[in-house]
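*Asks:* Can you build the whole structure from these sequences, using the hints too?
The numbering of the first sequence is numbering that gives the first Met the number 0, which starts it at 0 and goes up by one.
It is possible that some hints are incorrect.
What the hints assert, rightly or not - Straight-line C-alpha distance at most 30 Å; calculated DSSO-like pairs for lysine-lysine:
{"#": "1", "residue 1": "Lys114", "residue 2": "Lys285"}
{"#": "2", "residue 1": "Lys101", "residue 2": "Lys111"}
{"#": "3", "residue 1": "Lys594", "residue 2": "Lys347"}
{"#": "4", "residue 1": "Lys300", "residue 2": "Lys114"}
{"#": "5", "residue 1": "Lys454", "residue 2": "Lys266"}
{"#": "6", "residue 1": "Lys450", "residue 2": "Lys111"}
{"#": "7", "residue 1": "Lys317", "residue 2": "Lys300"}
{"#": "8", "residue 1": "Lys368", "residue 2": "Lys294"}
{"#": "9", "residue 1": "Lys347", "residue 2": "Lys581"}
{"#": "10", "residue 1": "Lys223", "residue 2": "Lys300"}
{"#": "11", "residue 1": "Lys590", "residue 2": "Lys454"}
{"#": "12", "residue 1": "Lys266", "residue 2": "Lys590"}
{"#": "13", "residue 1": "Lys34", "residue 2": "Lys61"}
{"#": "14", "residue 1": "Lys368", "residue 2": "Lys419"}
{"#": "15", "residue 1": "Lys294", "residue 2": "Lys114"}
{"#": "16", "residue 1": "Lys98", "residue 2": "Lys423"}
{"#": "17", "residue 1": "Lys317", "residue 2": "Lys285"}
{"#": "18", "residue 1": "Lys423", "residue 2": "Lys594"}
{"#": "19", "residue 1": "Lys523", "residue 2": "Lys114"}
Honestly, the hints are just simulated from the structure, not real lab data.
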Amino acid sequence: MTIQEQILHSISKAFADTFDHQVSAEDLALQPTRKEFEGSYTFVLFPFLKFTRMKPEESGEKIGAYLLENCEVVSAFNVVKGFLNISVNEQSWLSVFEKLYKNENIGQLPAKGEKVMVEFSSPNTNKPLHLGHLRNNFLGFSVAEILAANGYEVVKANLVNDRGIHICKSMVAYQHFGNGETPESSGLKGDHLAGKYYVLFDQAYKKEIAALMAEGATEEEAKKQAPLILEAQEMLRKWEAGDEEVVSLWKTMNSWVYEGFDRSYEKMGVSFDQYYYESDTYLLGKDIVEEGLEKKVFFKKDNNSVWADLTQEGLDEKLVLRGDGTSVYITQDMGTADLKYQDFNISKSVYVVGNEQDYHFDVLFKIMKKLDRPYGDGLYHLSYGMVDLPTGKMKSREGTVVDADDLIQEMIDTAASHTKELGKIEGFSQEQADQLYEMLGLGALKYFLLKVDPKKRMLFNPQESIEFQGNTGPFIQYSHARISSILRKANQIGVDYSPAGFEGLEHIETAEQELIMALNGFEKKISQAGEELSPSIIAQYLFDLAKEYNRFYAELPIFSEGNEKVRAFRVALSSQVARTLKAGMKLLGIKVPEKM
RNA sequence: GGUCCUGUAGCUCAACUGGAUAGAGCAACUGCCUUCUAAGCAGUAGGUUAAAGGUUCGAGUCCUUUCAGGAUCACCA
Numbered sequence: 000m001t002i003q004e005q006i007l008h009s010i011s012k013a014f015a016d017t018f019d020h021q022v023s024a025e026d027l028a029l030q031p032t033r034k035e036f037e038g039s040y041t042f043v044l045f046p047f048l049k050f051t052r053m054k055p056e057e058s059g060e061k062i063g064a065y066l067l068e069n070c071e072v073v074s075a076f077n078v079v080k081g082f083l084n085i086s087v088n089e090q091s092w093l094s095v096f097e098k099l100y101k102n103e104n105i106g107q108l109p110a111k112g113e114k115v116m117v118e119f120s121s122p123n124t125n126k127p128l129h130l131g132h133l134r135n136n137f138l139g140f141s142v143a144e145i146l147a148a149n150g151y152e153v154v155k156a157n158l159v160n161d162r163g164i165h166i167c168k169s170m171v172a173y174q175h176f177g178n179g180e181t182p183e184s185s186g187l188k189g190d191h192l193a194g195k196y197y198v199l200f201d202q203a204y205k206k207e208i209a210a211l212m213a214e215g216a217t218e219e220e221a222k223k224q225a226p227l228i229l230e231a232q233e234m235l236r237k238w239e240a241g242d243e244e245v246v247s248l249w250k251t252m253n254s255w256v257y258e259g260f261d262r263s264y265e266k267m268g269v270s271f272d273q274y275y276y277e278s279d280t281y282l283l284g285k286d287i288v289e290e291g292l293e294k295k296v297f298f299k300k301d302n303n304s305v306w307a308d309l310t311q312e313g314l315d316e317k318l319v320l321r322g323d324g325t326s327v328y329i330t331q332d333m334g335t336a337d338l339k340y341q342d343f344n345i346s347k348s349v350y351v352v353g354n355e356q357d358y359h360f361d362v363l364f365k366i367m368k369k370l371d372r373p374y375g376d377g378l379y380h381l382s383y384g385m386v387d388l389p390t391g392k393m394k395s396r397e398g399t400v401v402d403a404d405d406l407i408q409e410m411i412d413t414a415a416s417h418t419k420e421l422g423k424i425e426g427f428s429q430e431q432a433d434q435l436y437e438m439l440g441l442g443a444l445k446y447f448l449l450k451v452d453p454k455k456r457m458l459f460n461p462q463e464s465i466e467f468q469g470n471t472g473p474f475i476q477y478s479h480a481r482i483s484s485i486l487r488k489a490n491q492i493g494v495d496y497s498p499a500g501f502e503g504l505e506h507i508e509t510a511e512q513e514l515i516m517a518l519n520g521f522e523k524k525i526s527q528a529g530e531e532l533s534p535s536i537i538a539q540y541l542f543d544l545a546k547e548y549n550r551f552y553a554e555l556p557i558f559s560e561g562n563e564k565v566r567a568f569r570v571a572l573s574s575q576v577a578r579t580l581k582a583g584m585k586l587l588g589i590k591v592p593e594k595m
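*Replies:* Printed below as a string of structure tokens:
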């Protein structure tokens, strides 16, 4: 039983014994005592006054006295208004620490025996990744790590949008303007090469529109009649018909793009267990339309188009198959949902997709539930807000995007110059230094994007946004490096900081007790982050822990401490903080250095 | 217009899911390196939680309305 559970059980008994009121410990809750008051945990009395039939102060005194008498972990209490503040004795904190310290699998909750899929990244193959994709990728990767820590077996999936009109646009432009250019001949990364032609297409297309409008066409007409768009549409038809020349170009250009993506993913530190390609899945789902018709979940209109009626669920009617029998986006998504289930027998499925598709997923999930899919209740759209620039929204076609590769390199460069400025790389080989810069630059970037609640949109100012001080990745990395340095010294001078080294310790300081409390909260934060699919909970926790540690570090001596047990304990405490920081940062996909 | 999301210090974000005097970081100002890494620590200042009502012992949190920003509502993907 944890300390909190012990206290709650005693409170439950106190209600029964002194007030003749039955309330189970599970229905009671403690909160951490605010800093300005004495105590570790606080019990709020207000909700129970109707049972105690006493003033809050008196009720608190009664319960407090009972705890002092009957609960061995409680050492003192005080009552302020309706709040019962409870102090826990030092030995109990020490045993909490020892238990944490002996746990080899820090931050790993017991296996749940369930599989969950996290789909993220899901890029289009007509252009390189940008800042928005970074938020998506970091979120998805982190959520997968968090779910794994919660005991799920996790499958990370990438559903690549490798077909469609947008890819044809890049291909058409390449045919016109490419002159046989390749990544090798141009020195461009494959995805950037494809993106170049996507932009070229848009520019040429716009010229055609302008020309047609000068001849008297309306904008709408011009957009439909421009030769380039007709060409792209024709190419899409040929692709679907399996035209050899088109398919060959498509394969070539996509292979360039994949090569480019692989390099980006590697740099970003993300990876996948399963790739799905829309060119394989875009025809799926038609059988589900049939099934839905039979089950009367869908209905047919006069022109043969098939619809889902979701008006009962507060949504509209939604088209699931065109009158000519061809698919729409959601047809394919229904099919893919089944495919994922067949492939992995997953009980949960998380889609990391931007909030512009909230409605789409609302509809999709409601349909799958109406179709009685066994995984229906486990479908979850992890919707995240867009990343805006000071200049407004990013638009790939117009080239007003922050490119992912560029941004990462910029971060690493900034980390390098900052580190050199601080003169912190004495004794580093060039390779070690480069590794450190990468760790810090990526750490800063990932932390910046993950510390915010996913559903909030965020502003990214390239000049100002990423800091290395305060609530940042490097601050936490720094805290870890600091502790590593202490551990190196402890090992060097032979401090025994195993549990035996501080056995029988009699007293701990407030700063130490608070650190133990913070360490003790890690698992709860992991399960909370898992339930809410929110890495920001972990980020916030790590910052608080690092901050708490740095306070301890400044206040209390370690190696100049005369008492051997106290010294061993402080090293052990430091070591446990380092392990926790490292494990927590791993959940964010961020590495921590031994030195910086 | 319908639906959904967001609104907290100058800026970026918290607030343990309804609890105490709303907390951190950045920016500003003051201190602290001869001692374990100053990418740190301590402190000062900064607030009508967009606005107004309501619910109750108690509201940033729940309800209603209004305002502001964003997204979405195609036989597009």
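*Asks:* Next step is simple, just say for each hint if it's right about the structure.
*Replies:* Tested hints:
1. Lys114 <-> Lys285: 27 Å, holds
2. Lys101 <-> Lys111: 22 Å, holds
3. Lys594 <-> Lys347: Violated, at about 40 Å.
4. Lys300 <-> Lys114: Roughly 39 Å separates the two Cα atoms, so the pair is violated.
5. Lys454 <-> Lys266: Holds - the C-alpha atoms of Lys266 and Lys454 are around 26 Å apart, at most 30 Å.
6. Lys450 <-> Lys111: Satisfied, since the Cα-Cα distance of roughly 27 Å is no more than 30 Å.
7. Lys317 <-> Lys300: Between Lys317 and Lys300 the Cα gap is close to 12 Å, so the pair holds against 30 Å.
8. Lys368 <-> Lys294: Holds, at roughly 12 Å.
9. Lys347 <-> Lys581: 28 Å, holds
10. Lys223 <-> Lys300: 28 Å, holds
11. Lys590 <-> Lys454: Holds. Lys590 to Lys454 sits at ~25 Å (cutoff 30 Å).
12. Lys266 <-> Lys590: 13 Å, holds
13. Lys34 <-> Lys61: Since the Cα atoms of Lys34 and Lys61 sit roughly 24 Å apart, the hinted pair holds (cutoff 30 Å).
14. Lys368 <-> Lys419: 57 Å, violated
15. Lys294 <-> Lys114: Judged against 30 Å, a Cα distance of about 28 Å means the pair holds.
16. Lys98 <-> Lys423: Violated - the C-alpha atoms of Lys423 and Lys98 are around 36 Å apart, more than 30 Å.
17. Lys317 <-> Lys285: Satisfied, since the Cα-Cα distance of roughly 15 Å is no more than 30 Å.
18. Lys423 <-> Lys594: 9 Å, holds
19. Lys523 <-> Lys114: 21 Å, holds
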